[in-house]
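A.B. asks: Protein chains in written order, with our numbering: chain A, 1 to 115; chain B, 116 to 229.
One or more hints might be untrue.
[Stated by the list, open to error] Once the Cα atoms are required to be at most 27 Å apart in a straight line, the calculated DSS-like pairs of lysine-lysine come out as:
no.	chain 1	residue 1	chain 2	residue 2
1	A	K22	B	K228
2	A	K19	A	K41
3	A	K44	B	K176
4	B	K228	A	K44
5	A	K40	B	K228
6	B	K228	A	K19
Read the hints as simulated data drawn from the structure, not as lab findings.
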Amino acid sequence: DTAVSQTPKYLVTQMGNDKSIKCEQNLGHDTMYWYKQDSKKFLKIMFSYNNKELIINETVPNRFSPKSPDKAHLNLHINSLELGDSAVYFCASSLRLATSTDTQYFGPGTRLTVL
Amino acid sequence: AQSVTQPDIHITVSEGASLELRCNYSYGATPYLFWYVQSPGQGLQLLLKYFSGDTLVQGIKGFEAEFKRSQSSFNLRKPSVHWSDAAEYFCAVGAMEYGNKLVFGAGTILRVKS
Chain A
1 DTAVSQTPKY LVTQMGNDKS IKCEQNLGHD TMYWYKQDSK KFLKIMFSYN NKELIINETV
61 PNRFSPKSPD KAHLNLHINS LELGDSAVYF CASSLRLATS TDTQYFGPGT RLTVL
Chain B
116 AQSVTQPDIH ITVSEGASLE LRCNYSYGAT PYLFWYVQSP GQGLQLLLKY FSGDTLVQGI
176 KGFEAEFKRS QSSFNLRKPS VHWSDAAEYF CAVGAMEYGN KLVFGAGTIL RVKS
């Protein structure tokens with residue numbers, strides 16, 4: 001069973017389009033995250049949600065809008081895609097927010113290419 | 116704010132040789148430290164973590180790491196590398212007051228030659 005899954009795995013699209021990436025975790029965790037890994041493999045957090053509530057928003061352009069319909073899902077919607085949005089996006093989850101010793105479990109990533 | 120430095124972008128070792136990947140962190144209080152591994156085209160897998168207690172931490176796949184507060188380091192080691200260890204390794208620091216976010220280093224690519 002996949003613990004943290006993301007769809008799609010690859011996404012190729014044109015500049016200006018709107019796209020969504022979906023993430024689901026079946027671990028029963030309370031907290032979910034989105035990370036962006038750029039072309040230099042540098043990983044940086046974008047958002048975190050705890051029980052559907054936004055906790056972290058790391059100065060990400062407001063073209064990026066996370067949506068958490070329930071605590072098992074955290075989707076990422078991106079409007080007006082730009083070339084610089086090309087990256088690998090990772091979803092992650094952890095049991096609780098209250099302690100940062102909890103392991104974060106990562107999904108397989110979504111490689112977004114904007115042409 | 117926390118920061119993590121992995122000084123080595125690439126490291127090449129021979130199969131069977133020992134390995135040490137360096138990680139230095141910057142954080143005011145006691146950090147929570149993690150090592151993750153990313154195989155090509157895959158997500159990140161946790162190797163080990165430190166948050167308190169014994170400063171020598173054992174992880175999966177025969178890896179260990181030692182927390183040295185005086186050097187602000189959390190280096191990853193393995194006594195004998197296998198070809199399947201070729202991957203990219205990320206050190207990360209977490210802190211509760213930052214909403215449990217992980218701050219990652221830039222990663223070290225490990226190549227294993229036979």
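A.B. asks: Indicate, hint by hint, whether the structure satisfies it.
C.D. replies: Each hint, compared with the structure:
no. : hint           : verdict
1   : A:K22 / B:K228 : violated, 38 Å
2   : A:K19 / A:K41  : holds, 22 Å
3   : A:K44 / B:K176 : holds, 26 Å
4   : B:K228 / A:K44 : violated, 31 Å
5   : A:K40 / B:K228 : holds, 23 Å
6   : B:K228 / A:K19 : violated, 41 Å
The structure fails hints 1, 4 and 6 (numbered hints given earlier, in ascending order).
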